[in-house]
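Chemist: Sequence:
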Amino acid sequence: MLAKDVSGHTDIVTGTRWVLHVDLDQFIAAVEVLRRPELAGKPVIVGGRGDPTERAVVSTASYEARAFGVGSGMPLRIAARKVPDAVILPVDHEAYLEASESVMATLRAQPGATVQVLGWDEAFVGIETGDPEAYARQIQTAVLEQTRLHCSVGIGDTLVRAKVATGFGKPAGIFRLTAANWLDVMGPRPTKDLWGVGAKVSARLAKLGITTVAELAASDPQYLIPEFGPRMGPWYAELGRGDGASVVDDTPWVARGHSRETTFQRDLTDPAHVVDAVKELAAHVLEDVAAEGRPVIGLTLKVRYAPFITKTYARKIPETFDRTEVLARALDLAAGIEPDRPIRLLGLRAEMPMPDDARKGHTPTRGGW
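Quick note on numbering that gives the first Met the number 0: the sequence shown kicks off at 0 and runs consecutively.
No lab work stands behind these hints, which were simulated from the structure alone.
Be aware that one or more of the hints could be misleading.
To be verified - Within a straight-line C-alpha distance of at most 20 angstroms, the following computed SDA-like cross-link-like pairs (lysine to any residue) qualify:
no.: 1; residue 1: Lys199; residue 2: Ser218
no.: 2; residue 1: Lys278; residue 2: Asp321
no.: 3; residue 1: Lys81; residue 2: Gly68
no.: 4; residue 1: Lys41; residue 2: Lys81
no.: 5; residue 1: Lys301; residue 2: Ile336
no.: 6; residue 1: Lys191; residue 2: Phe227
no.: 7; residue 1: Lys169; residue 2: Gly118
no.: 8; residue 1: Lys169; residue 2: Arg136
no.: 9; residue 1: Lys278; residue 2: Tyr312
no.: 10; residue 1: Lys278; residue 2: Arg303
no.: 11; residue 1: Lys310; residue 2: Gly72
no.: 12; residue 1: Lys81; residue 2: Gly49
no.: 13; residue 1: Lys301; residue 2: Ser258
no.: 14; residue 1: Lys315; residue 2: Ser258
no.: 15; residue 1: Lys191; residue 2: Ala213
Using the sequences and the accompanying hints, generate a full structural model.
Modeler: In structure tokens, the structure reads:
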């Protein structure tokens with residue numbers, strides 16, 4: 000049951016344990032519209048420095064822009080061609096972080112809530128209640144009152160089902176997915192509609208004769224092992240059933256690594272310029288790592304050759320806090336860059352050991368969360 004105090008807010012929650020997935024609608028675009036109310040109802044695209052003549056990708060787009068086929072990760076110049084009348088704005092990380100922190104504080108203030116943050120614009124909320132829809136509406140109201148942002152809420156009995164449910168509630172709606180209706184709702188859908196299954200995995204499943212969620216749910220996990228391995232094979236079968244973790248974990252997430260990348264407006268062709276770029280990336284990454292107080296144990300260099308071919312070069316290194324040593328190992332990786340190939344992007348990632356008390360697992364769907 001839900002008990003209310005005199006102000007009308009839920010004060011006590013009891014009943015069944017539920018997982019709620021709260022996802023802010025068109026978050027980055029919505030934050031920009033709050034700052035520029037005159038943009039409400041217009042196609043808004045956020046990406047790079049807001050200049051479609053530069054190399055950059057779309058960070059997010061308003062629903063009005065999405066109606067023209069604009070999506071996250073699309074080159075900004077293509078998005079601008081799709082929507083000539085769009086308002087294109089630069090990315091403002093600080094503004095989005097501030098808005099996100101306000102939303103997460105609002106979620107944590109809800110009675111009986113356990114909050115597991117997934118990113119700027121989404122979080123799981125674990126609660127016990129006899130009326131999860133009422134609790135979800137309470138969350139939507141609180142977030143709107145405190146931040147003026149709308150959110151959708153997925154209700155589930157596992158993290159996977161709650162996450163998938165949110166997509167059916169957008170925008171600003173509520174949807175429930177449980178073991179009782181999972182196959183009715185998801186069964187006929189293609190496997191790529193599952194959280195954690197992209198186009199490549201879906202194609203590999205299709206080679207095994209598995210094209211729908213229902214077929215994946217009914218598959219023998221052992222049948223998937225030759226294609227996906229002893230860990231991921233059974234996990235994909237579990238994902239098809241919507242099963243998995245059902246307890247929200249509010250243990251603070253600890254970064255496994257830090258990375259920085261730069262897209263160059265003009266391709267790099269001079270090896271000396273490549274070295275300079277790697278040194279600059281390393282300096283920024285080392286600043287991020289230093290704040291963690293953990294050593295570096297691995298490096299990955301990401302190289303995107305023109306026109307758009309991406310390769311990575313990685314190596315483990317002996318545990319070290321020595322900046323000079325990390326830079327030297329990063330330059331060793333850079334020595335593997337193919338000569339005479341123009342480079343449009345470089346990225347560097349430094350991996351660190353995880354603390355003993357850190358939350359295990361990489362994503363909420365892959366066990367441990």
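Chemist: Against this structure, judge whether each hint is valid.
Modeler: Structure-based check of all given hints:
1. Lys199 - Ser218: holds (19 angstroms)
2. Lys278 - Asp321: holds (15 angstroms)
3. Lys81 - Gly68: Measuring from Cα to Cα gives roughly 7 angstroms; hence the hint holds.
4. Lys41 - Lys81: Between Lys41 and Lys81 the Cα gap is close to 14 angstroms, so the pair holds against 20 angstroms.
5. Lys301 - Ile336: Distance ~10 angstroms between Lys301 and Ile336 Cα, so the pair holds.
6. Lys191 - Phe227: Roughly 16 angstroms between the alpha carbons, so the hint for Lys191 and Phe227 holds.
7. Lys169 - Gly118: Measuring from Cα to Cα gives roughly 18 angstroms; hence the hint holds.
8. Lys169 - Arg136: Cα-Cα ~14 angstroms, so holds.
9. Lys278 - Tyr312: This hinted pair holds, its Cα atoms lying about 16 angstroms apart.
10. Lys278 - Arg303: holds (17 angstroms)
11. Lys310 - Gly72: Status holds; Cα separation ~18 angstroms.
12. Lys81 - Gly49: holds (16 angstroms)
13. Lys301 - Ser258: The given pair, whose Cα atoms are some 10 angstroms apart, holds under the 20 angstroms limit.
14. Lys315 - Ser258: holds (15 angstroms)
15. Lys191 - Ala213: holds (12 angstroms)
In this structure, none of the earlier numbered hints is contradicted; all agree with it.
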